[in-house]
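J.: Working from the sequences, and respecting the hints, build out all of it.
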Amino acid sequence: MWLFALPALLINACIILVPALLTFAAAFVLWDGIGTPAWAGLANFRNLFDDPVFWSALSNNFIWTAIFLTVPIIIALVMAAALLMLPNARIVVQSIIFLPRIIAVAVTGRVFQGMIFSPATGIIGWLNAHGFSLADPLADPDRSLYAVAAVDIWHWWGFLAVVFLSAMRQISIDQIDAARLDGAGFFALFRYVLLPGIRPTLTLMLILTVIWSFQVFEFIFIVTRGGPAYGSEVLATLAYRHAFFEGDVGQAAAAACVMSLFGLCATAAYLWLQRNDGREAA
Amino acid sequence: MTLTRRQVVAAIPAAALTAGLARSAHAEDARKVVTFWFAQANSDGQAALRNDLVEAFNASQDKYLLQLEVKGAAVNNLLKVALVAGNGPDIVQTAGPAYLTAIANAGQVLPLDDLAETYKWKQRFLPALLNTSVYGGKLYALPRDYESMHLFYNKELFKQHGWKPPTNRAEIEAIADDALAKGIIPFGAGNADWKGVNEWLMTVFFNNVAGPDNVRKALSGELPWTAPPFVEAVELSKAWFNKGYFGKNYFSLTIEQSFLQVVNGKAAMALSGTWSFGTKSYGMSKPDTVMDVMAVPTLGSAFTGSLVHLACGATLSIAKTSENADGAAAVFEFMLTRKFYEAMNRDWPGKWALPVKDLPPEMLSGIGYPLFEKTIAELHDAFSKGRYGFTTWTFWPGATDSYLIEGIEQVWLNKITPDAYLARMQTLFAQEAKDGKVPPLPPRAA
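Protein chains in written order, with the working numbering: chain A, 1 to 282; chain B, 1 to 446.
Among these hints, one or two may not hold up.
[What the hints assert, rightly or not] Derived lysine to aspartate or glutamate pairs resembling DMTMM-like cross-links, with alpha carbons at most 25 Å apart:
#1 B:K71 / A:D50
#2 B:K248 / B:D288
#3 B:K415 / A:D182
#4 B:K415 / A:D50
#5 B:K238 / A:E218
#6 B:K434 / A:D50
#7 B:K248 / A:D142
[As the list claims (entries may be wrong)] Negatives, chain A to chain B, calculated, CB over 10 Å:
#8 A5
#9 I34
#10 L69
#11 T121
#12 E218
#13 F244
These aren't lab readings, by the way, just hints derived from the structure by calculation. Cβ coordinates follow ideal geometry from the N, Cα and C atoms, glycine included.
T.: Take a look at the structure:
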């Protein structure tokens, strides 16, 4: 059994465990990424917690998590249930909604930035030229995070819908037919049959959403770089800035440790739920 | 002919041996390879690098073979990792003294003093630029170019509205206000693709409001960044931003889009750097260009007239682990030839203006780009005579510079006060100065 898992464990140890331990160690040193590291104790964490940008970045991560635990999940669940009811439309609609997922993040980001939000070359610019008065949300520190989240949701929800649809298709057709015979409408079927039927998948996706939300980086870095005025800064962009613009690897590692903490909590919650499910099943 | 698996397996050692022999024979004949990683280059730049540097250098001698790779914007991060791992290129190019400081302090590049003695580099480079790469009395790099912030303006638009090139803050604000009243954007500006635009503007405000002497004092630790001249500089930047001098779409437009607003007459002026000469879409090399350029006038009472700003856009060093330091030095020597200077500045203006002491006028006139030639001649004169301000990307240490760029947006968008911004900058600067991270300041007079 252990021998069977050994290759995967070795790969994981090399590419995940070792870098993770090194990052953890780096959080306790002063290091510019090229010189000799010097022991700093908890100074990196103290400096991080004293920085108001850290707290705004952390709260942005929470806002991001809240958005992604609700908006794309709800859209995807409704779409998956609708597709379950409409088998003829399934292939075409699935292909269309999955398409954003296979477009490179950089391309999606640039398309939204230049062709939609830009007041010079985007749809917003065209609308402004035709009598509307719209501002680029990416240029507003109070809206930029939501604007980038909208881009990521566009990219993400179709994938979720396909995952949920696959899970829903595992539900016994007899169960669905029985509910219908009992007079259940779309929402009753959704609430009492489909949602309980995909609960393990839904739980997994919710937990993964929490983990990924605290790691979010690409879209924000590509579209706003955390700005303007730190309006869309999250922990990952903050860590990147510390490491590569400020040459402060220790501080970056401290920020990365905080990110990982939330990921660990989510993973622990998932393992706990799995264990409970196992006990219930037994 | 069909080979069995066994025959293929048996043939592998023989093939490997043959290949090895061929390779070693070739290696004996081969020239020594000199590797060089370049950061970003547009298609014109890549063509210029290929033709004017790589092919021209390789054709000029038979001892070394220059291999250049364009690595993109992440080259600074790649370089650090590669140098620590001992796998960096022979020629280490950084994005200026602020980046070189950590690499030189870590001893990852060779001191160039012996080579400088051999090739007389100290006598051939402008001291103002060369001294930005001296740490602990040792020279660690050669400056690849000089840059400065300038005021670019649409001379046709100026003529049309009766505006004269401004000589002080009152005149520049009068033009800006008149432009706003007429629906023209005073300054074409945008940072959607490069947040560093913030520091281009702040370089102008710090130097042209507070004056270069105060900036020098602050960089030397003799004056805190919270002093009144810097408060005035930040407040002026905020006032201009809030009055709409930089347009409504500063955070949405790219550098090119915003500069083209000036070229197209939608904006009157642009505060941009000498690298703007290298973008062909601006059309500034054409004889009928609508654009003109001048040094940025004073924006305060610290000095009169105008000011250029000393910047070194890139430094060139030799990696500590290089096995071919002589080859790298030969490439540097080639860069100092008149043929290379003319060809590179003709094909990619503004990117490789080597700060050599001896810059005869005919060397510039051969380029065929009057605005660029005029500007470089003025820069050369100002840098030679020690009349310059200090650019943030050359003289501010990393964390302070990063905060200067990011934090100023909070000021402009009324999230924090100028005093709070400068207080945080002072805290970061004091710590970096204590850690020896502030790049060296050149002597005031050359």
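J.: Compare the structure with each hint and give your call.
T.: Going through the hints against the structure:
1. B:K71 / A:D50: Since the Cα atoms of K71 of chain B and D50 of chain A sit roughly 36 Å apart, the hinted pair is violated (cutoff 25 Å).
2. B:K248 / B:D288: The given pair, whose Cα atoms are some 30 Å apart, is violated under the 25 Å limit.
3. B:K415 / A:D182: Answer violated: K415 of chain B to D182 of chain A is near 58 Å, above 25 Å.
4. B:K415 / A:D50: Holds. K415 of chain B to D50 of chain A sits at ~18 Å (cutoff 25 Å).
5. B:K238 / A:E218: violated, 31 Å
6. B:K434 / A:D50: Distance ~20 Å between K434 of chain B and D50 of chain A Cα, so the pair holds.
7. B:K248 / A:D142: holds, 16 Å
8. A5: Non-interface label stands for A5 of chain A: nearest chain B Cβ at 31 Å, farther than 10 Å.
9. I34: violated, 4 Å
10. L69: With a cut-off of 10 Å, L69 of chain A remains clear of chain B, as the shortest Cβ separation is near 28 Å.
11. T121: Per Cβ check, T121 of chain A is inside 10 Å of chain B; nearest 8 Å; violated.
12. E218: Fine: 14 Å to the nearest Cβ keeps E218 of chain A off the interface.
13. F244: Its Cβ does come within 10 Å of chain B, the nearest being 5 Å, so this is violated.
Checked against the numbered hints given earlier, the structure breaks hints 1, 2, 3, 5, 9, 11 and 13 and satisfies all the rest.
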